[in-house]
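So you can see what is in the structure, the chains are spelled out below.
Number of protein chains: 2
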Amino acid sequence: MDIESISKKEHVEKERLKEEAEDYYIEKSKELRLKDLTRFKKYFPEPSENMKKDIAFAHKDIDKIATAIVSKKPWAVVSGLNPSGPLHFGHKTIFDELLWLQKHGAEIFIPLTNDESYIVDKTKTLAESRKIAYESVMPSIIAMGFDPEKTHIFVDSDYPDIYNVAMQLSKQLKISKIRSLFGFKDSDNVGSLFYRGAVQVSQILLPQYIEFNGPIITLIPIGIDQHPYILLARDIAKKNDMLPPAELIMKFLPGLLGAGGKMSASIKGSSIFLTDDIKEAKDKIKKAYTGGIMSSKYQKELGGVPEVCSIFLLQKYHFLNQEEAEELNIKCRSGLVLCSECKKCTNVFVENYLKDHKEKFEKAKTEIPKFLLKKRITSILE
Amino acid sequence: MDIESISKKEHVEKERLKEEAEDYYIEKSKELRLKDLTRFKKYFPEPSENMKKDIAFAHKDIDKIATAIVSKKPWAVVSGLNPSGPLHFGHKTIFDELLWLQKHGAEIFIPLTNDESYIVDKTKTLAESRKIAYESVMPSIIAMGFDPEKTHIFVDSDYPDIYNVAMQLSKQLKISKIRSLFGFKDSDNVGSLFYRGAVQVSQILLPQYIEFNGPIITLIPIGIDQHPYILLARDIAKKNDMLPPAELIMKFLPGLLGAGGKMSASIKGSSIFLTDDIKEAKDKIKKAYTGGIMSSKYQKELGGVPEVCSIFLLQKYHFLNQEEAEELNIKCRSGLVLCSECKKCTNVFVENYLKDHKEKFEKAKTEIPKFLLKKRITSILE
Chain A
63 MDIESISKKE HVEKERLKEE AEDYYIEKSK ELRLKDLTRF KKYFPEPSEN
113 MKKDIAFAHK DIDKIATAIV SKKPWAVVSG LNPSGPLHFG HKTIFDELLW
163 LQKHGAEIFI PLTNDESYIV DKTKTLAESR KIAYESVMPS IIAMGFDPEK
213 THIFVDSDYP DIYNVAMQLS KQLKISKIRS LFGFKDSDNV GSLFYRGAVQ
263 VSQILLPQYI EFNGPIITLI PIGIDQHPYI LLARDIAKKN DMLPPAELIM
313 KFLPGLLGAG GKMSASIKGS SIFLTDDIKE AKDKIKKAYT GGIMSSKYQK
363 ELGGVPEVCS IFLLQKYHFL NQEEAEELNI KCRSGLVLCS ECKKCTNVFV
413 ENYLKDHKEK FEKAKTEIPK FLLKKRITSI LE
Chain B
63 MDIESISKKE HVEKERLKEE AEDYYIEKSK ELRLKDLTRF KKYFPEPSEN
113 MKKDIAFAHK DIDKIATAIV SKKPWAVVSG LNPSGPLHFG HKTIFDELLW
163 LQKHGAEIFI PLTNDESYIV DKTKTLAESR KIAYESVMPS IIAMGFDPEK
213 THIFVDSDYP DIYNVAMQLS KQLKISKIRS LFGFKDSDNV GSLFYRGAVQ
263 VSQILLPQYI EFNGPIITLI PIGIDQHPYI LLARDIAKKN DMLPPAELIM
313 KFLPGLLGAG GKMSASIKGS SIFLTDDIKE AKDKIKKAYT GGIMSSKYQK
363 ELGGVPEVCS IFLLQKYHFL NQEEAEELNI KCRSGLVLCS ECKKCTNVFV
413 ENYLKDHKEK FEKAKTEIPK FLLKKRITSI LE
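Protein chains in written order, with the numbering used here: chain A, 63 to 444; chain B, 63 to 444.
Don't read these hints as lab results, they were simulated from the structure. Treat the hints with caution; some may be incorrect.
When chains are identical, the list treats them as one kind, so a pair holds in a single copy or across two.
For lysine-lysine, the following DSS-like pairs were computed, each having C-alpha atoms within a straight-line distance of at most 27 Å [as the list claims (entries may be wrong)]:
1) K92 - K104
2) K193 - K436
3) K186 - K437
4) K80 - K359
5) K301 - K193
6) K186 - K236
Taking the hints into account, I'd like the entire structure generated from these sequences.
Pasting the structure below:
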């Protein structure tokens with residue numbers, strides 16, 4: 063084949079991948095009966111950047127959150143992660159959303175689930191994941207600018223009330239239900255079943271307890287793959303006079319290696335960590351998968367496919383507002399901007415961010431105690 | 063049928079029940095490959111009363127305990143219960159053994175598993191079982207005369223390190239293993255699976271942690287039905303450079319209602335509680351199942367069957383030494399003592415015990431703090 067044919071083939075393949083990615087979210091939303099966010103954006107005083115850019119795109123019950131915001135009623139957000147390495151730009155998407163939610167009144171709970179990291183084999187010990195939580199994840203979160211008065215971070219093994227809640231709720235969580243929602247094999251360990259079946263639900267429902275002014279309207283921002291946990295939590299909430307949590311579904315930031323994978327700490331080279339060296343980050347950007355094709359001559363003619371481009375998406379998710387992202391999209395599609403130029407731009411954005419984050423990160427380390435959840439859940443024991 | 067035939071039939075039936083009960087322990091010990099205690103009694107400085115009376119009758123690895131006693135090495139005992147009501151004389155059997163073990167050097171750990179009570183539906187809430195633990199079970203245990211320096215009591219929901227240990231060990235506990243040892247149905251809740259599969263093992267292995275001078279030789283005195291937990295704990299111990307726990311199997315004290323049931327708080331009228339009113343206790347004794355028969359004329363002729371008599375066994379387990387129990391056995395068998403006389407005697411024994419216990423119980427309430435396990439398990443998190 064000649065270069066022209068190869069280039070066209072390459073371009074067509076990327077267009078196909080774009081369709082596939084878009085279809086995935088459309089199909090999945092239909093299947094799970096999630097609602098489109100579009101018509102709700104207007105209820106918010108000002109939709110979040112993620113909402114405007116269609117990164118936050120589907121929901122369940124978010125109208126209740128909009129009502130709480132407008133009527134200035136208290137409401138809560140729970141959003142955590144299992145610490146197995148530094149935070150990356152994929153995590154930052156969610157935390158940006160949390161910052162917006164906090165600005166509009168949310169009390170935010172952030173469980174750092176070292177038990178999960180260990181039990182699903184992301185770390186070798188509970189201690190290893192716990193260390194990562196305190197030394198890397200927490201400072202990065204705090205560095206992003208959360209309000210210590212309204213942000214409550216906890217590590218599962220250091221906030222064991224979560225297990226009392228899990229034990230309490232687990233009486234209503236039948237093995238058959240967990241099996242139908244998540245499946246499990248007999249070769250799985252009992253810890254992972256208990257984690258998925260009870261501890262996770264307990265975290266989602268934590269604000270429902272009287273110690274945290276529950277029952278209270280709660281929003282859980284999550285990836286679409288975690289929807290079954292919300293279903294389970296809503297089910298348990300209804301059985302316990304709690305308010306069923308609302309959910310806001312966010313699209314994953316794709317990893318730098320392309321092929322549809324999300325940015326993930328466990329796939330080498332797929333992520334730029336918030337604590338990466340500038341040099342390291344630039345090297346990853348250099349190797350990153352794009353929506354362009356081999357031949358710059360034909361790319362000028364055919365254009366790129368920004369929707370599958372890890373570099374375009376990194377910019378869109380983190381460094382451009384809606385209009386800027388649309389403008390870059392058009393420029394790329396029309397072949398006016400090529401990948402090398404776009405990567406140069408990204409280098410500058412990322413370098414500035416990492417420098418700034420590094421400074422704030424060091425200061426944040428000393429602020430951890432202000433953010434740790436201290437209030438015990440005693441009501442279930444009295 | 064005439065009275066003579068009825069009486070003979072009744073007597074033969076009780077002899078059959080005696081055989082059945084004895085066969086149960088013999089068969090079960092063989093099946094589980096437990097060792098007979100007889101040849102080990104001689105290694106102990108002085109066997110416990112329960113050993114002498116064949117109430118403690120089988121074991122695994124108890125020679126290691128004998129060695130520790132003789133060589134004055136440290137060793138530990140774990141023995142707990144799920145609080146759902148006051149302690150009864152069935153519990154007292156185990157605690158008597160614990161007192162003997164403590165006298166010979168054991169550091170004693172007593173988990174009061176309110177999570178278990180709740181999860182298996184013996185209480186309606188975690189709080190209810192927790193309240194019973196502090197207000198009834200702990201004072202009764204302390205009243206029996208344990209040494210606060212060497213006795214560590216904890217309620218699961220107030221000593222949540224147990225869940226960190228459970229999470230840690232659970233990674234090695236496969237669902238398939240738990241299923242083969244205990245079975246479970248899909249309609250069971252996930253909490254009970256986690257409890258049986260991980261929390262229970264964590265309690266048994268608690269002394270193995272460095273905070274409690276582990277790895278250390280440990281003995282678990284239990285009923286024969288709990289043997290699978292020991293198997294599981296021994297298996298996990300071997301995988302973690304811990305010392306596999308030894309076990310001492312104790313025969314159940316049968317309930318007052320006869321028919322082979324053990325004394326159990328959940329079967330009304332089967333137990334005399336250590337906190338019963340004298341009147342209440344006497345009333346239960348009056349109605350208690352015995353080894354005698356309806357006609358006293360023929361009982362004098364045929365004799366009783368003390369081995370199935372709840373009254374004889376209550377005396378044997380708690381108020382008679384080995385010689386006295388043998389003497390009463392012979393008297394009963396030869397028809398020299400009838401049930402009414404024996405019950406009168408039991409009334410006196412029980413009345414004296416309950417009076418004494420009541421006094422000590424009130425004092426014990428104030429001593430709880432001295433017995434609570436305070437040391438945290440931090441080594442698994444560092």
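Now for the hints, and whether the structure bears them out:
1. K92 - K104: within (22 Å within a copy, 75 Å between copies)
2. K193 - K436: Both: 19 Å inside a chain and 24 Å across chains, each within 27 Å.
3. K186 - K437: between (30 Å within a copy, 25 Å between copies)
4. K80 - K359: Within one copy, since 22 Å is at most 27 Å while 97 Å is not.
5. K301 - K193: Between copies only: 25 Å across, 37 Å inside.
6. K186 - K236: Between copies only: 17 Å across chains, 29 Å inside a chain, cut-off 27 Å.
Consistency with the previously given hints is maintained throughout, with no hint failing.
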